[in-house]
Structures are given as structure tokens and as C-alpha cells.
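Fit chain B to the known structure of chain A by using the hints.
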Amino acid sequence: MTSFNTLFNRMFQEKSKSVYLIYLIQAFATLCFTIMMTVSAGGHSQEVVVGNERESINPIVEFLFMFAVMMFMTSFIAAFVYWIVSSVKNERINRSQTWRLIPISDTKFLLSNFGTAFFTYIWLGILEIATVIVASLPLLLSSKEIKIALQRSNFDFSAQDWGQLLGGLFLIILLGYAWYAVVSLINLSSRSIMDFLPSGSSKVLVFFVRLVTVIVIIWLLAYAGTTLFSVIGRFTPFDFGTGDSGVGTTLLAFLAFDVIVTLIDILLLNKFVEAKQN
Amino acid sequence: MSDLLTIKDLTYKKNQKTILKDVDLTLTSGKIVALLGENGAGKTTLMRIIAGVAKNYKGQIDLAGATKEAERKTKLSFTDGLTGFSDSTKIVQIVRFYSTIFQDFDENEFDELRKFMKLDPDMKLSQLSRGMREKLIIALTFARKADLYLLDEPFGGIDAMARKKIINSIILWKDEKSTILISDHFVNEISSLLDEVVIVKNHTVLEHKSADDIRQNNKSIEEYYESFYADEDDE
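Chains as they are written, first to last, in our numbering: chain A, 193 to 470; chain B, 255 to 489.
Bound conformation, chain B alone:
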């Protein structure tokens, strides 16, 4: 498998506070990778930097040969909170926006995902519950044909049953060659999907391991993740 994403010496500060420091990370094509870390570890920031919406960082980012932010944005699909739309916007209007703006947006694919998520296209954003809004975001994200999908805590408000269904289907929605980087607190539920795990701690990527290696050591992904915080719990 070829390298899809290469991050070198990435450092990001905001308000005189170091959020990420000396981050090096390489992801290959066709993988599902978990980005794990406690709240405030810098997972969202890392995704925003890759997506080109967080600025003033140092270091190099290369996504399938694209180093400029505008070029990177054509190759990735990021779970956006849809804050650019007013609450009175209907789902069908958001879809029109996506299909006009993103050349890789597939309306038929979205329609299938929308039906799967049981979303009515005439519903307004204000009528959606948190879980429904997140389902819409997931559907919009996967309706694009991207090399890299960045899913930032996508299942927070979705009920357990629907979450399970979505997680089991994710593998069907992505192309064989595309990669998913997913940050989530439901480690156990997504663990069956994962090919690799990236741990973010102390402002950097502390560990990057294949899921099979973790399992071979008779550890679950969750146990492996929790082991990084075991010392802190003892204190």
C-alpha cells in the first residue's frame, strides 16, 4: 500500500499554548485508522490542520501529493458541523450546495445513505435532533469520493442501535483505496473495523500501531488505549 498522508514535524500553537508538537504521522491507502486521545489532546486540531481550516502551523503535510491547502481539500472529506447554514435550511438545499461546490459529491450515493439514515430531505436543520444531524453529516461526508475521510467524533449523539448499524456499514461506503481517520470515544464499538490505532498524548503522536499487533498481544484496542492512562489513574 502506498503512503497517502505524510505529516512531518508538525507544531501548532494557539494563544501561546502548544497544542501539537513535533507530530510525525504516515497513513497508507485503504486503511481505517482510529485517532485516540483524551479530551483536549489535539485530535480535532490535527484533523483541522490536515483539512486546511486551522492555520499558523509549522511543518509539512502531504496528502496524495498535494501540499497546498486548497489542493488537499479536494482529496479529503471532513465531518463539518454545518454551521455555515442557517437553521431554516432544508436537507435538500444542503445537498444542492454540496453537489454544486464539491465535484466529487455523488447525489445518488447521498440518497442511498439518506434512506439508510432515515432522513427526510424536506426536514430543516432546526427540526433535526443531535443524532439526526450527525447522521446527516456522516451521509454528506461519505457521499463524496475522497482519498481521505476525516471523521471527528461522528457518533456522539446517535443512539446505540443506529450507531452499531452505521459502524458496521462504514466499510461498505468507502472505496477500497480510501482511508478513514476516525476519532471517537466509543473505542469498543469501532474496534472491529480498525486496521491501525494512533494515540495522541502529550501534544504529539505517541504511538502508531496496527490493530492486529495489538490483538496479537491478547489485548483489546480499548485496553491498549487505556494502558496509556493507567499511570495517571493510579496517581
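The shape of chain A in the complex, shown without the other chains:
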């Protein structure tokens, strides 16, 4: 049997190709924007303003800093593109005979597929953050005013702040996972239903049935999600009388939602959805 780690690594390698492509396009677009901005701002004096202090800066350092800012701004578009591309890739893998012939259980297969899509997104984030830091470094290191401003800033996190930060981080992970699980649920369930339609059905009918199926599934998901959240909210184990049970309850509700949707995905993949014939 193929181990989960082997499959995970392999899928990660496959999906990271999309990450590199998106990152390169993003970097190229950012470079173009930065050049355009530099050209359009030609003639103005280059200076950095911190509080009431003004300090002139090297044009190259300014260009790099503008590149870093643009990189940060375009990261939201890159993230959106990545989520769409990776979802399509996930569903292709779910239906690919080449991948489905791998000797591994459907549970591990699906978890590896979702997990690698999410971790390659983290990889994209790391590449973007590294680029922003590297491009900002010359300004941060050369400007006295920024150095002083950084030294003055006091990051004093309380235990509650850390708790909320960690809670937020887990919530992002659960939300990211939920996206892939829901996209798969819509795709796998509509495909399963299509396989029960009589053969020779017209394309219009097939399209109509698929559309209705997708709408019904989204409605059911929204209804089930709302019910689940209200039930967990009512019986939350995180209410210690402080009235501050928000993060814990939301995390628990999303965790329950992810687990239930994943179980349905596994059932569909295991029993109904077959690999596409060559």
C-alpha cells in the first residue's frame, strides 16, 4: 500500500507547480505596476515620512519598497486565483484514473487531496511574505526614522490576545478546509446523481438536473450549517460564565461542519464516484 506521507508529498509536488506559476505571474504583474507607478511619479522627491519627520531615500530603495507594497496588495487577487485553480485541480484528481489507481484508502486519498491544496496555499503565502520582507528590508535597514519607530513600538500581547490570535489561525485553517470539502461535496454529489439518470438523456436535461442538484445541495448545506451552529451555540462547552465563548464555539462549530462534510465526501468517493474512463 502507498503510505499517506508518500501520496501527500507527491500531491504537494504536483500542486506546488500551480503555486509557482501564480507566484511568477503575480511577481511579474507587480513589477509592471511598480515600473508604471515609478514612471508616472517621475520628478517627485523620494522621501519617507514617519510622524512629523521626513527623510530622503534612495530611488532604488523606494522602488523596492513600492514593489513590496504592490506584492502585498496583489496577494489577495493571487489568493483568490489560487483557491479557484486548486479547487479545479482537486476535483480533477478525484476523478483521475491515474490517481485513483494508487493503492490507498479513499479516506486517506481525500484527506491528502484537501490537505495538500491547503498547505500549498500556505506555501504561496510564505513565498509572498518572504518577497515582501526581502523587498522592504533595504528601506527598513537604511531609514533611521523607521528603525526608531520600530524600536518605540511595543508589542505586548496578553494571554487573551494570544488565545484570540491562535483561535483566528485555527479558524482560517478550518475555513480553508471547509471550502475544499464543500466544493468536493457539490461536485461529487452532483456526479453521483448524474450517474443514476437514464442513459441517452439530452444535454439540456443533464445540465438542468445538475444545476438543480447544485442549488439544492448549497441550500441544504446552508440550512445544515445554520442548524449546527445554533445547536453548538446553545450547548457550547466553552461558556464559563464570562460571556466570552465566541472563538471556542465558532471553532467547534466549524470543526463539526468540516468533519460531517468530509465524511459525506468519503462516502461518495468510496461508493459512487468512479474515475473518469480514459
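Errors might be hidden in some of the hints.
[Claimed, not checked] In silico BS3-like pairs for lysine-lysine, Cα to Cα no more than 25 Å straight-line:
#1 B:K418 - B:K428
#2 B:K418 - A:K468
#3 A:K468 - B:K271
#4 B:K428 - B:K285
#5 B:K399 - B:K419
#6 B:K322 - A:K463
#7 A:K468 - B:K312
#8 B:K431 - B:K285
These are calculated hints, taken from the structure and not from any lab test.
Note that the structure is a prediction, hence the values are computed from the model and not measured.
Only chain B this time, still in chain A's reference frame:
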């Protein structure tokens, strides 16, 4: 010889259409078996069910003691169309994929088969003709050490000369104990290899006979196969 593959009461429907019904089949180890039937008879579906990539069937399948799909997949090697790879993928990258994913994949064996098939490892999938792609698929399939090889129409695009060479060599590429189930339209060309013949007709396995029995009745495998459709031709 011990039983390798046992299929009992297998029924498969798709889109309200029966593709296979009440299929019973037993294959023993070390045999080369032809799976014959007209287009749409269900040969590919039967292979896909055995390989665990077609779902929602009823019945039992046992491959060398493995009944779960994931376990069955470790014991068989199926000719896959390589649709999971993009056209820009090089042969060497596909080999890397196979050697990482399949524990029984033998890179040295593949290299020998690749040389035999005259394939350049740096060629991309998009650069391969249909015949070359099929040669690659055959090489990848036989580079695994499996109990059961499922070859689904493997020679369709390969020229007659190369086909003959490959067919004559197949017997050398498999272990003594492993079995090959092969579906093909070139019945005459593969007939010399065959130990058994399975006929799929009317959504089920209609006949399963040893090749020697057929030959003893002074019939060629092709004549035997065609006899199942003689009535239809007369109509």
C-alpha cells in the same frame, strides 16, 4: 494452480442501464487469458471494477485474498491512459511518479522495457504518437511486479511489426505466477500466447474455456470467438 481472481454475482449498472449482470469468473495463477467481446460488451468496465476504479457494483471480488479495493490495487497493474499527467510531462517524470507511488515498480525493468520500445525518457507526452504512448503504457504496466496484469486493448495504435515483437515478448516480462487478462481486437495475433479465453456477451461472461480445448476441436481462437456472433451476422 491456485485461484488468483474470483468474481461472484457481479452486477453493474450505470445510468439505469445494465452493463454487467451476474458475472462469475475465476482465474488461476500463471495464465494468459483473453477477454473477448464486441464493442460495448463490458470488457473495459469489468477490468475497471476489478481495478477498483469503477464503483457502485454488486457482488464479490477477491484478488489473491484481497477484497477491499485499496488492497486489490496493490496486487494488480492496469494499463492506464496516463490522463492524470499534463501533455508537457516528460517520460522521466512519469517514471519518477510511478517509482514513488508504487512500491512494486522496478525502474531497471522499466529501463529495459523502454529501450525495447525505443522510447526516449526526455520525450514529453505531447511528442508521443498514439502508438508510442501505448508502448509507454505497456512498459509502465509491466515494470510493476503484480499478481494480475489488466491490459485493456493495449495494441490499438501500435504498428503491426512492433505489435508482433511486443506480443512475442509479453511472456518474458511476466513472472511465472502472475496472470495476464488481456482484451484485444487482434485475436489472431495474440492467440499463440493464450492459455484461456473468456467471452463477454449479453452483459455477462458467457463462456470461459481453455485455449487447448478450443484448439483440440480444430478451431482457431478467432473462429471460436466469431462463432458467438455467427447468428447475428446471418440475421
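(request) Hint by hint, work out which the structure violates, then give me just those numbers in ascending order. (result) Hint 2 contradicted; others consistent.
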